[in-house]
Amino acid sequence: MNKIFAIAKWEFLEKVKTKTFIISLIITPIIIISFSVVPTLLGDQETERTKIIGMLDSSYVFFDTFKDEIEKLRLENNQLAYVLINLTEKNKSNQDLIKNADRRIMQQNVLGYLFVNSCSKDSIRVQYRSQDHTNFKDIINFEAAFKIILIKNQLTKMGYNIDGFNFIDDQVHIEQVKIDSSGDEGKKDFLTVFFSSFIFILLLMMMVIYSGQMLVRSLIEEKSNRLIEVLVSSCTPDELLAGKILGLSSLGLTQIIIWALIGLSLIGGAVVPPEVFSNVGIMLVYFILGFIFFTTLFVGIGSIVNTEQEAQLMTTYLSIILMFPIVVAVPAIQNPDALILKIFSFIPFTIPSVMLLRVNVSDVPVADIWLTILILLLSTILMIKISAKIFRIGALMHGTKPTMKEIISWIKSDV
Amino acid sequence: MLIVEELTKKFNGYSAVDKLSFKVEPGRIFGLIGPNGAGKTTTLRTVLNILKPTSGSIMFENKPITTNFYNHIGYLPEERGLYKKSKVIDVITYFAELKAIKKSSAITLADEWLKKMHIERYRGNKIEQLSKGNQQKIQFITAVIHNPKLLILDEPFAGFDPINQQEIKELILSFVTSGKVIILSTHQMETAEKLCEDILLIDKGKEVCSGSLKKIKNDFGGNNIKIRYSGKITEISELEEVKHIDYYSNYAEIELSPDATPNEFLRKIINRIDIAEYTVIEPTLNRIFIDLIKQNSTQN
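Those protein sequences? They're chains A and B, same order as listed.
Residue numbers 2 to 416, in our numbering, belong to the letters of the first sequence in order.
Residue numbers 44 to 343, in our numbering, belong to the letters of the second sequence in order.
Keep in mind that the hints were calculated from the coordinates and are not lab data.
Check the hints yourself; a few may be wrong.
Claimed, not checked - In silico DSSO-like links for lysine-lysine, alpha-carbon gap of 30 Å or less:
| id | chain 1 | residue 1 | chain 2 | residue 2 |
| --- | --- | --- | --- | --- |
| 1 | A | K413 | B | K62 |
| 2 | B | K106 | A | K390 |
| 3 | B | K130 | A | K10 |
| 4 | A | K20 | B | K175 |
| 5 | A | K390 | B | K127 |
| 6 | B | K130 | A | K20 |
| 7 | A | K10 | B | K249 |
| 8 | A | K18 | B | K337 |
| 9 | A | K390 | B | K95 |
| 10 | B | K249 | B | K337 |
| 11 | B | K311 | A | K18 |
| 12 | A | K390 | B | K62 |
| 13 | A | K343 | A | K386 |
| 14 | B | K146 | B | K175 |
| 15 | B | K146 | B | K158 |
| 16 | B | K247 | B | K95 |
| 17 | B | K269 | A | K10 |
| 18 | A | K10 | B | K175 |
| 19 | B | K257 | A | K386 |
| 20 | A | K413 | B | K247 |
| 21 | B | K53 | B | K247 |
| 22 | B | K145 | A | K10 |
| 23 | A | K406 | B | K128 |
| 24 | B | K249 | A | K413 |
| 25 | B | K53 | A | K386 |
| 26 | A | K406 | B | K95 |
| 27 | A | K390 | B | K169 |
| 28 | B | K53 | A | K20 |
| 29 | B | K53 | B | K249 |
| 30 | B | K62 | B | K258 |
| 31 | A | K10 | B | K95 |
| 32 | B | K311 | B | K269 |
Make the full structure from the sequences, and use the hints.
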């Protein structure tokens, strides 16, 4: 046991001191932030401003009513979301009006304007003309306002007193509520599910790839300088493997924790809903088992390959397997009970990531959870045994890459 | 004492080591020699418990070699290498810790050894900043820092200059007097001849010859002579007793045919050339090695 810790300590300390580690510690968050935070910041600025919108309505029917409706929309600080300006002038043709209005857009007097083109009994045709494609939310707001106006007009014609129907104005937000088997309601919307599953899957992927590559690299180094012979004459191969996995996964964990801290301090904790961590216990089980499973797989591969290039090729394939849940994520959230998803949740390679997703999206039967954990546990034990065997022989071999047949004979052999 | 009996190691049906038996006594250096691919490394790896033998037994001090024994083994592999980017003192203490030495005493021991090897000034340097010879010294330290009972040295002198070779040789001899069990594997027959008291020559995984160096030389030798002379060498080189002759300007080394004796040969040639010196010489281990391996390969 002491030797495992000695190896783990060595792997951790020697790697932590390298320039590569320090550089990736700083560069990666910068990249992530520039990809995620910058667009958000830009988007936020836009919504925080009152937008000045024009209206060209030769029928003179809609301006006042539309102004009433649209100015009911407020920003977070109770500021008006839109200010409506009348661009219609008497005794001018539509073409002249459009020309004038377009010029005002160019001069940036208004962001855009609504051109109410024709008006029949129950339908209107409206153009929204602006320099840029506008936020689709604006369009939704405009459409809703027109709809309300039309409904009100209809009701007035039918002789109702519309003052009583003002509730129509209140916008309805549909909140999704998931009912657990216990009957409790869990307040989870799409975003929460997305975040809670993806944070874990992404962390798993990053840690597996990061630590796995470190592991393969350190094995290749020891193989090429034959230090491996000295190491396995000092401790058992299993101790060596355990020490390496422990040391390098702590390294990966350290890195991710630092990234997370940098990220949280910059974006703020508010982005991640606290409900993310409601299933944390069960998710951790999948996470840890999945991590050990994939890392031991990397060890097996690391013992077969001799050069960095070969290793890179192999790790690329493994990373693709890990990416798989990203592909199925959206359909999975839409249809958590799909058969194909259930099948994938019983295949060792995809259990960790698919189950991380499933436990959050729907109420997975307890039997499924136990069964998948059992499968994952057994296949992890099997993987450790296989990898340790490949490692015992492969680590001492060098030169040509062994064939599949040879590797199978290693696994069968009693080393 | 290390006792190996009927050791066999097969890879995919091919025997890399075939029924090999030998004893290594403490206080004597045991030389394991053989041509490339003879099975030396496989033998050493099975003794080191890196590989499991297919059959046979390996006992040290009457106990089988198990994982408990790791801390008493010192191993210097033939091909050397260390963590290039790491500091000298860190590398040495790491290997000492792997042999279950506490960190504090590992540092003290490391400093003692660095001083003994006259490289204490490199303590804080990275391995890659050291010369090849000094890197070898570091690796030697990692093999012996834990004062092992069984020391396995594979080509310990390779890569050292003559001065360092001398230094390492003296160290190894000091281990002999302290009663360690030492196996030395080498291609340098001169080294083996100078250091080893017992020899095991293997080829194709099998024993070719074994025993004390003296006995081996007696078995093979006695029929080699060296003469210093003046006169025509052709006078004697054509005699039927001469099996093989190497001659130089004023001396010659002659291997006599098996039925001739040095005394009779001297009587026969004394009238043909003037002899300044006549010595019966032992065959070199190098000669024995070449002859035996050639003989072995023609037999198979």
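Hints and how they fare:
A threshold of 30 Å between alpha carbons decides the hint, and for K413 of chain A with K62 of chain B the separation of about 24 Å falls inside it, so the pair holds. For the hint linking K106 of chain B to K390 of chain A, the alpha-carbon distance of about 26 Å falls within 30 Å, and the restraint holds. As the CA atoms of K130 of chain B and K10 of chain A are separated by approximately 15 Å, the hinted pair is consistent with the 30 Å bound. Straight-line distance between C-alpha atoms of K20 of chain A and K175 of chain B comes to about 25 Å, which keeps the hinted pair within the 30 Å bound.
With a C-alpha separation of about 28 Å, the suggested pair K390 of chain A and K127 of chain B falls inside the 30 Å cut-off, and the hint holds. The hinted pair formed by K130 of chain B and K20 of chain A meets the criterion: a straight-line CA distance of about 15 Å does not exceed 30 Å. Taking the CA atoms of K10 of chain A and K249 of chain B, the gap is near 43 Å; set against the 30 Å cutoff, the hint is violated. A C-alpha spacing of about 54 Å is found between K18 of chain A and K337 of chain B, which places the hinted pair above 30 Å, so the restraint is violated.
Proximity of K390 of chain A to K95 of chain B is assessed by CA-CA distance (about 12 Å); at most 30 Å being required, the pair is judged to hold. Straight-line distance between C-alpha atoms of K249 of chain B and K337 of chain B comes to about 14 Å, which keeps the hinted pair within the 30 Å bound. A distance of roughly 78 Å separates the Cα atoms of K311 of chain B and K18 of chain A; the hinted pair therefore is violated under the 30 Å criterion. At roughly 25 Å between alpha-carbon atoms, K390 of chain A and K62 of chain B fall within 30 Å of each other, so this suggested pair holds.
Distance restraint check for K343 of chain A and K386 of chain A: the Cα-Cα separation of roughly 28 Å lies within the 30 Å cut-off, and the hinted pair is therefore satisfied. A threshold of 30 Å between alpha carbons decides the hint, and for K146 of chain B with K175 of chain B the separation of about 27 Å falls inside it, so the pair holds. Among the hinted pairs, K146 of chain B with K158 of chain B is consistent with the structure: their alpha-carbon atoms are about 18 Å apart, no more than 30 Å. At most 30 Å may separate the alpha-carbon atoms for a hinted pair to count; K247 of chain B and K95 of chain B meet this at roughly 19 Å.
Distance check on the hinted pair: K269 of chain B and K10 of chain A sit about 62 Å apart at the alpha-carbon level, beyond 30 Å; violated. Straight-line distance between C-alpha atoms of K10 of chain A and K175 of chain B comes to about 27 Å, which keeps the hinted pair within the 30 Å bound. Restraint check for K257 of chain B and K386 of chain A: not satisfied, since their Cα atoms lie roughly 49 Å apart, outside the 30 Å limit. For the given pair, K413 of chain A sits about 26 Å from K247 of chain B by alpha-carbon distance, which is consistent with the 30 Å threshold.
Between K53 of chain B and K247 of chain B the alpha-carbon distance is near 12 Å, which keeps this suggested pair within the 30 Å criterion. Pair hint K145 of chain B plus K10 of chain A holds up; C-alpha atoms about 14 Å apart against a cutoff of 30 Å. A threshold of 30 Å between alpha carbons decides the hint, and for K406 of chain A with K128 of chain B the separation of about 37 Å lies outside it, so the pair is violated. Between K249 of chain B and K413 of chain A, the direct Cα distance comes to roughly 27 Å. Compliance with the 30 Å bound is thereby established for this hinted pair.
Pair hint K53 of chain B plus K386 of chain A holds up; C-alpha atoms about 21 Å apart against a cutoff of 30 Å. Distance hint between K406 of chain A and K95 of chain B is fulfilled; the C-alpha atoms sit about 21 Å from each other, no more than 30 Å. Simply put, K390 of chain A and K169 of chain B have alpha-carbon atoms about 33 Å apart, too far for the 30 Å limit, and the pair is violated. Pair hint K53 of chain B plus K20 of chain A does not hold up; C-alpha atoms about 45 Å apart against a cutoff of 30 Å.
For the hint pairing K53 of chain B with K249 of chain B, the CA-to-CA distance comes to about 13 Å; that is within 30 Å, so the pair holds. Between the alpha carbons of K62 of chain B and K258 of chain B the distance comes to roughly 22 Å, so the proposed pair stays at or under 30 Å and holds. Restraint check: the Cα-Cα separation between K10 of chain A and K95 of chain B comes to about 29 Å, which is no more than 30 Å; the hinted pair holds. As the CA atoms of K311 of chain B and K269 of chain B are separated by approximately 15 Å, the hinted pair is consistent with the 30 Å bound.
Taken one by one, the earlier hints fail for this structure at numbers 7, 8, 11, 17, 19, 23, 27, 28, listed in ascending order.
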